[in-house]
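Student: We have chain P; now place chain Y onto it with these hints.
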Amino acid sequence: MAEQDSRTPTGPGGHSRRKFLRGSGLAAASAVLTSQAAVAIEEAQAEAAAAEPKLLSGEAPLTLKVNGEEKSCTVEPRSTLLDTLRDRLDVTGPKRVCDRASCGACTVILDGDPVYSCTTLAVSCKGKTIETVEGFDIGEGGVPHAFHQHDGLMCGYCTPGFVTACKAYLDKNPGKTPTLEDVKRGLDGNICRCGTYMGVFEAALAAAKTMKGA
Amino acid sequence: MKAFEYSSPTTPEDALKDLAGPGTVEALSGGTDLIGRMKDYVASPDRVVYLKDVKALAGIAEKSGGLEIGAGTRLVDLSADPIVRKRLPALHQATVEVGTPQIRNMATVGGNLLQRPRCWYFRNGHGLLGTKDGKSLVREGDNRYHAIFLTEGDALFINPSSLAVPLIALNAQATVVGPGGERTIPVEKLYQVPKSSDDRELTLAPGELLTKVTIPAGEVKNGFFEARQKQSHDWPLVAAAVGLKMNGDTVGDGRVVLYGVAPIPWRSEAAEKAIRGKALTRETAEAAAAAAVEGAKPLSMNGYKVALVKTTVKRALLDAAGDRYWEEA
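Quick mapping for you: the protein sequence lines, in order, are chains P and Y.
Position 83 (the first sequence) corresponds to 83 in the numbering used here; numbering is contiguous.
Position 267 (the second sequence) corresponds to 1267 in the numbering used here; numbering is contiguous.
Only chain P is shown next, with the shape it has when bound in the complex:
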């Protein structure tokens, strides 16, 4: 692994978003001297407080919203979302397999869209909603249950990614009855080296049916 980075953050031109927001807060206060002014100042101050330093460098605190829960850790900017989830936040559903945006085992749902967490920087996910397989309903009618019922796995390593991609696909196409072709297209960002694709597709079709009926 590469060495730790010890550079101190420096912003070009001496600008900072925090200073700018503080300035705009003052401008707002002098322009609107009503009860709304207090709200404006409060908002500007809250934004300024939330604003990050302009440049991140080295380890820095980060809070991510994972499965509805705020989780905090410290990471470097170079940490991927996958490594941060697994190694810092103990969310180990997403798997590290190819680590090159090719296999889909690391799939998470970011603001509603399935993405490869191995190829997403954790720092870029601040404020976004992250869903992993840990958060899914495992009862009857859910996607994990359908995988179980239709034998959608063999060694199981690709399964969390497939379940996540499947959940995202069905959530994005509510009330539809997908064909086998649709499901193949919807899940073609994931690979199963054991080759249990037929079970996976059957599980996806069954889950779609149950969700439509629900």
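It is worth saying that the hints were derived from the structure and are not from the lab.
Just so you know, these numbers come straight off a predicted model, no measurement behind them.
One or more of the hints may lead you astray.
Computed from the model, here is a short list of chain Y residues facing chain P with C-beta under 8 angstroms [stated by the list, open to error]: (1) Y1006; (2) S1007; (3) G1031; (4) G1036; (5) Y1050; (6) K1052; (7) T1100; (8) Q1102; (9) N1105; (10) H1233.
Even for Gly, the Cβ is constructed at its ideal location relative to N, Cα and C.
Tutor: Just chain Y now, kept in the frame of chain P:
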């Protein structure tokens, strides 16, 4: 990957300031190219500027009959756009074929256009020309996915952007901003053939930012066809896009652009000449296909691409004509 400092500007102005350095700087958008290159130490920037928080860079808008596509527009949003689907089927088709659902959710138009070559010698640290001890690893090694045009030169990789091909066929213009202001260039001028290992294949200067591509107004019949080894995940082996300004029933001015055959998106002048003034028939398409392979000089393992050029050019032209004969029966 090497540690870097990270900025996430929210305006194009701040992005330009951050892109100015100091040190080596890479712009990050979807990350589907850059993060892999950083993991493999092919790129080790001092600073990474994350552009997806610059909301002004994303979005598709109709302007005086033309279509402006922000460089930060995600491929999933481009593929869902009703105007693109209806009027620019070549661009729509190329977009829905890119990568996987996850990739299209992450990747952006700008990132697709400016991704670095996928040549495995480049990705393994042997530079754009893929040389070792003065010898071309490409020429002597496995070159099955490399170029078949311009192969008398040293740059044997292929341009990796499958969106550049329909965009050039549609005469799209790229808007680039930099420290010196704004400039607009044809999308094909984003690329160049590197002469030495110090050259880049992209013409963007350090600190410059691609902000949008604009497809000009005017009716252009367009079509696209790609040949691929795998149905998903992979890049096409060869693809062709055509953009045709019609004079009644005959082609007035037509563009034929190929993916997968040269270090730049390859405009086939011979094929363009072969269709000028002709009706869009199967005979015209076959003549253009034959013309498109003139001058091809495959390497030791990629002669198959010559046949694929013929097929993709013919089918892209007939796709534009609405004659998708290969889907019959």
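Student: Now look at each hint and say whether the structure bears it out.
Tutor: Verification of the hints:
no., hint, in the structure
1, Y1006, "holds, 4 angstroms"
2, S1007, "holds, 5 angstroms"
3, G1031, "holds, 5 angstroms"
4, G1036, "holds, 5 angstroms"
5, Y1050, "holds, 5 angstroms"
6, K1052, "holds, 7 angstroms"
7, T1100, "holds, 3 angstroms"
8, Q1102, "holds, 4 angstroms"
9, N1105, "holds, 4 angstroms"
10, H1233, "holds, 7 angstroms"
The structure meets every hint from the earlier list without exception.
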